[in-house]
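Below are the chains, spelled out letter by letter.
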Amino acid sequence: MNQLIGSTSPFSEENRNTLRKIAALLIPKSEEFKVPGADDDAVFTHFIKLASGQTNSINKYLEDLNQICRNDHGDSFLKLQNDEQISLLNNSESLLELLLSYVSLAYYQDPRILSTLSLKSSPPFPGGYNVEQGDWSLLDPVKKRDPFYRKV
Amino acid sequence: MKEDHVDVLVIGAGASGAAVAWSLAETKMKIVCLEQGEWANPKDYPSAHMDWESKWLNEFSYDPNLRARQTDYPINNMESPIQVANFNGVGGGTILYAGHFPRFHPSDFRVKTLDGVAEDWPIDYQTLEPYYDENDRMMGVSGLKGDPAYPPKPQIMPPVPLGKSGTILANGFNKLGWHWWPSDSTVATEQYDGRDQCINLGACVSGCAQGAKASTDITYWPHAIRAGVELRVRCRVREIIVRKDGMAGGAIYYDGKGLEKKITAEVVVIACNGIGTPRLLLNSKSKLFPDGLANSSGLVGKNLMFHPYSAIFGKFDAETDGARGPGNCIWSQEFYETDPSRGFLRGFTFEASRGTGPALTVARGMTNHRIAWGANHHQSARQAINKITGMVGICEDLPNENNQVILDPHLKDSDGIPAPKLHYALSENSKRMLEFSIARGIEILEAAGGEDIQTVAPIPDGGWHLMGTARMGIDCTKSVVNEWGRCHDVKNLFIVDGSIFVTSAGVNPTRTIQALALYVADTMKHRLTTLFD
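Going down the list, the sequences are from chains A and B. Just so we're aligned, residue 1 is where the first sequence starts under our numbering, counting upward by one. Just so we're aligned, residue 1 is where the second sequence starts under our numbering, counting upward by one.
The reader is advised that the hints may include incorrect statements.
Simulated crosslink set (BS3-like; lysine-lysine; CA at most 27 Å straight-line) [to be verified]:
(1) Lys143(A) - Lys145(B)
(2) Lys151(A) - Lys387(B)
(3) Lys151(A) - Lys112(B)
(4) Lys112(B) - Lys29(A)
Bear in mind the hints are in silico, worked out from the structure with no lab data behind them. No experiment lies behind these values; they were computed from the predicted model shown.
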């Protein structure tokens with residue numbers, strides 16, 4: 001009957017909690033810039049969706065991380081102090097390499113975050129953007145050059 | 001069962017398949033094109049969605065192994081430092097290309113004569129020039145006439161804007177006294193042939209939701225279909241049939257439900273580009289052609305050429321365009337023509353890249369340790385978003401028989417058709433050219449005021465241009481097709497895509513692929529009564 005017990009979530013509850021904590025450490029909440037951390041519900045949901053493409057690798061790296069925590073600190077990652085967690089993450093290159101990309105993609109596509117950066121908080125289409133023509137007189141010295149393609 | 005017979009069967013509905021089908025349509029022959037992918041729906045393109053940057057990196061990735069749609073086929077890239085980029089669907093690679101649209105130079109057709117390497121093409125610039133012009137009208141090209149790096153060519157629409165990034169980079173080029181010019185681009189800067197003008201969505205390489213970028217689903221195909229060409233999607237060709245007389249007889253393909261179908265034809269035209277075309281020929285083995293169709297020279301799949309790319313980007317105090325505006329901006333051909341004192345033969349084009357969107361900027365910055373994570377993250381990210389611009393160097397690749405496409409003995413697509421496997425290595429000439437391009441690129445960015453300059457070479461996922469694997473030539477022992485695209489071995493089988501390139505030049509190939517397709521089609525029309533002689 002075990003096959004009837006399952007979940008559509010790609011990560012266990014413990015791993016989700018660990019990922020949420022890691023997201024908050026990577027991009028923390030900031031009072032100065034008035035922005036939430038990457039553990040914000042909407043950002044984190046997007047992050048999990050993006051990360052689900054690498055479920056096996058991430059679960060494996062999290063297992064490795066927790067094994068190190070238990071060996072070195074006698075407890076799981078979530079039970080450690082912030083500075084200990086940061087130190088451990090700094091030594092988890094493979095996990096970081098995967099998660100940094102997903103966390104930043106989720107965070108910097110959130111309309112609330114884009115607004116704080118004075119960037120457009122809606123899709124590029126249909127509004128588009130204004131792009132200045134620029135100073136075409138910069139081309140004047142190039143226009144004075146003789147043709148320099150090789151004649152054959 | 002009703003016989004499915006046509007005069008001309010075109011395989012592949014991308015850049016070249018669309019052009020050849022449109023051109024042949026005036027003959028009033030019955031023409032059918034089989035395309036393994038589907039029509040694109042612009043509302044699906046990433047730029048119509050809030051998460052457009054991650055959509056571009058996933059379901060609209062130019063890496064078919066990552067995109068992994070039912071309509072894609074896998075490619076074994078394990079033995080290549082450059083990964084293939086493509087798109088399978090109506091429009092082919094033009095759906096996801098940037099729209100950079102340079103022509104070859106006259107010297108590109110005379111590489112052996114001028115520089116003593118590779119082979120000369122059996123045709124020259126003057127032969128293709130009227131087809132370049134015709135293709136420019138069909139695709140709609142923006143640009144500025146008068147570029148001293150090129151022979152004169154017509155201007156159809158005004159150039160894409162210089163913008164903030166172009167202005168920064170142009171100042172850098174000017175300080176060094178080096179050539180630059182607004183890029184020729186298929187991004188329409190005015191309304192053109194039913195297309196609306198560019199509104200600077202900045203996501204050209206994930207499909208243009210505005211319809212301003214010329215992909216062949218919105219340029220050639222509507223005209224070709226109105227002229228009577230039938231385009232069938234979700235039809236994946238497994239092999240080309242060979243008749244008892246050794247001529248091509250049509251194709252066996254799978255429809256969208258995986259059902260095997262047969263179509264017979266008087267003429268078969270292959271337009272599957274530099275990987276798909278040799279794959280199809282090598283999969284078309286028969287008693288008459290045990291080594292693959294049209295392969296008596298043994299060159300089908302060999303001489304694979306990419307363009308090895310370098311990337312050089314820097315951070316600026318002034319604001320850049322970021323992802324806003326067409327990716328096309330300006331180019332430089334200061335180092336295009338051969339100068340042996342540089343330590344390599346042939347040359348490259350610099351193509352400016354305005355910048356990237358905020359999410360990709362931060363993702364890249366964090367993974368390469370240039371943007372901090374943790375307490376300093378927000379300050380660090382704000383110093384990078386819309387502050388980075390730079391360029392890529394697109395280097396000419398020379399043909400080498402060891403660089404090749406073969407069939408993977410194990411890997412297959414969803415219809416069970418053997419997939420392609422690559423063997424490819426960078427030549428010493430390419431390595432020296434990449435190094436040189438990086439050194440010059442750094443000089444340009446420093447002259448423009450850039451700092452924290454980052455470089456990559458070759459761009460590992462930058463196999464956008466796929467050429468040389470069924471090359472053209474007069475000598476049937478040294479080429480697969482003749483000087484007008486007809487296979488030496490099979491006189492009713494034609495190839496019109498990038499696989500027939502003899503050399504790669506140092507520019508994006510699509511404009512030349514399409515000019516070649518129009519030239520081959522025109523030659524076929526002129527020779528209709530003696531086509532198989």
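Okay, the hints, checked on the actual structure:
1. Lys143(A) - Lys145(B): holds, 10 Å
2. Lys151(A) - Lys387(B): Status violated; Cα separation ~40 Å.
3. Lys151(A) - Lys112(B): Answer holds: Lys151(A) to Lys112(B) is near 15 Å, not above 27 Å.
4. Lys112(B) - Lys29(A): violated, 62 Å
Checked against the numbered hints given earlier, the structure breaks hints 2, 4 and satisfies all the rest.
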